[in-house]
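Enquirer: Read off the chains here:
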Amino acid sequence: MEIHSHDIGDVRLLSVVDDRIDAAVAIAFKDRIRALTDGAPATVMLDLSAVTFIDSSGLGSIVAAMKQMGHGRKLQLAGLTPNVDRVFRLTRMDKVFTIHETPEAGLQQNGG
Amino acid sequence: MAASSQPWRNRAPTRARYILRLRLDSDEYAIRHGLEQIRTHAARNGADCTALGKIEIVLAEVLNNIAEHAYADHAQVGPIDITCTATPDSFRFAVLDRGAPPPADILRPRPMPETYHPDTPLPEGGFGWHLITTLSVRLTFARKHGCNCLRFAVPITRETMCPKDGE
Chain A
400 MEIHSHDIGD VRLLSVVDDR IDAAVAIAFK DRIRALTDGA PATVMLDLSA VTFIDSSGLG
460 SIVAAMKQMG HGRKLQLAGL TPNVDRVFRL TRMDKVFTIH ETPEAGLQQN GG
Chain B
62 MAASSQPWRN RAPTRARYIL RLRLDSDEYA IRHGLEQIRT HAARNGADCT ALGKIEIVLA
122 EVLNNIAEHA YADHAQVGPI DITCTATPDS FRFAVLDRGA PPPADILRPR PMPETYHPDT
182 PLPEGGFGWH LITTLSVRLT FARKHGCNCL RFAVPITRET MCPKDGE
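Order-wise, the sequence lines are chains A and B.
Taking my numbering, I'd label the letters of the first sequence as residues 400 to 511.
Taking my numbering, I'd label the letters of the second sequence as residues 62 to 228.
Hints are supplied without guarantee of correctness; some may be wrong.
Now the in silico label distances, taken between C-beta atoms and shown as ranges [to be verified]:
1) Ala434(A) / Asp150(B): 46 to 52 Å
2) Gly438(A) / Asp180(B): 25 to 31 Å
3) Arg105(B) / Lys494(A): 33 to 39 Å
4) Asp406(A) / Phe202(B): 48 to 54 Å
5) Pro216(B) / Met400(A): 47 to 53 Å
6) Arg472(A) / Pro172(B): 26 to 32 Å
7) Arg212(B) / Arg491(A): 24 to 30 Å
8) Tyr79(B) / His405(A): 22 to 28 Å
9) Val138(B) / Gly438(A): 53 to 59 Å
10) Phe202(B) / Lys466(A): 45 to 51 Å
11) Thr497(A) / Leu168(B): 33 to 39 Å
Examples of chain A residues toward chain B, derived with CB under 8 Å [to be verified]:
12) Gly471
13) Asn482
14) Arg491
Worth flagging that the hints you see were computed from the coordinates, not collected in a lab.
In this text, a Cβ means the ideal position worked out from N, Cα and C, and glycines have one as well.
Please take these sequences and the hints and turn them into a complete structure.
Expert: Here it is as structure tokens:
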């Protein structure tokens, strides 16, 4: 599971390189996010613009990643493609996460 | 002309064009590959990006459920048979497995809460059946001769440009 990590201002930007977050990779994804958010700034932004497909296990692993970060730290999302956006909307998870149109817009809103 | 004097010769391949039959193992990577074949079949039969996205998520959730629940007690993977039929208004699916029977209330709708209360822990699962029941129609289940058979259809839309096509 390839995820690139960059600290930009007060935000850690995690860019998912793989195009699918599904049952085949959900556990590896969760473990990788856990490692990459360790010692991260208060705001972590997950850039999903390369991801064209997510299933319920993938969604569960993003929710789990957010819960692992604990109180006082935020996991924001950016760049949801249509199929990923649909899954977030239908499960109402779009109300739970702060979602930015693009990572650039998200960084700007976070004062970066 | 041989072809026009024997029109039935042309019928079989035309008919087969609308129907795809697949057998795959209940393994996550075999499921990925199966989804790819279904996508290709649906695209060839005129499904647009939205329809392809809906078909893929519904089928992925159905197949993951079989792998995780129906074949949960199997030491190895089990077979899954999928028939996908393209009709003018929908893609119809029949999905068969030889695993354990599901709970009797398998088709019960499992709606998501309108909002999640900040004081209660967020769910990390239970989304799959909600996605299946929301995006499919004519969902039926039958247990016959030791097989689970789930049938459903995904209504299709056509010729909507993919959001990124025009860029």
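Enquirer: Look at each hint and say if it fits the structure.
Expert: A quick look at each hint next to the structure:
{"no.": "1", "hint": "Ala434(A) / Asp150(B): 46 to 52 Å", "verdict": "47 Å, holds"}
{"no.": "2", "hint": "Gly438(A) / Asp180(B): 25 to 31 Å", "verdict": "28 Å, holds"}
{"no.": "3", "hint": "Arg105(B) / Lys494(A): 33 to 39 Å", "verdict": "37 Å, holds"}
{"no.": "4", "hint": "Asp406(A) / Phe202(B): 48 to 54 Å", "verdict": "50 Å, holds"}
{"no.": "5", "hint": "Pro216(B) / Met400(A): 47 to 53 Å", "verdict": "34 Å, violated"}
{"no.": "6", "hint": "Arg472(A) / Pro172(B): 26 to 32 Å", "verdict": "30 Å, holds"}
{"no.": "7", "hint": "Arg212(B) / Arg491(A): 24 to 30 Å", "verdict": "28 Å, holds"}
{"no.": "8", "hint": "Tyr79(B) / His405(A): 22 to 28 Å", "verdict": "48 Å, violated"}
{"no.": "9", "hint": "Val138(B) / Gly438(A): 53 to 59 Å", "verdict": "39 Å, violated"}
{"no.": "10", "hint": "Phe202(B) / Lys466(A): 45 to 51 Å", "verdict": "33 Å, violated"}
{"no.": "11", "hint": "Thr497(A) / Leu168(B): 33 to 39 Å", "verdict": "35 Å, holds"}
{"no.": "12", "hint": "Gly471", "verdict": "14 Å, violated"}
{"no.": "13", "hint": "Asn482", "verdict": "4 Å, holds"}
{"no.": "14", "hint": "Arg491", "verdict": "5 Å, holds"}
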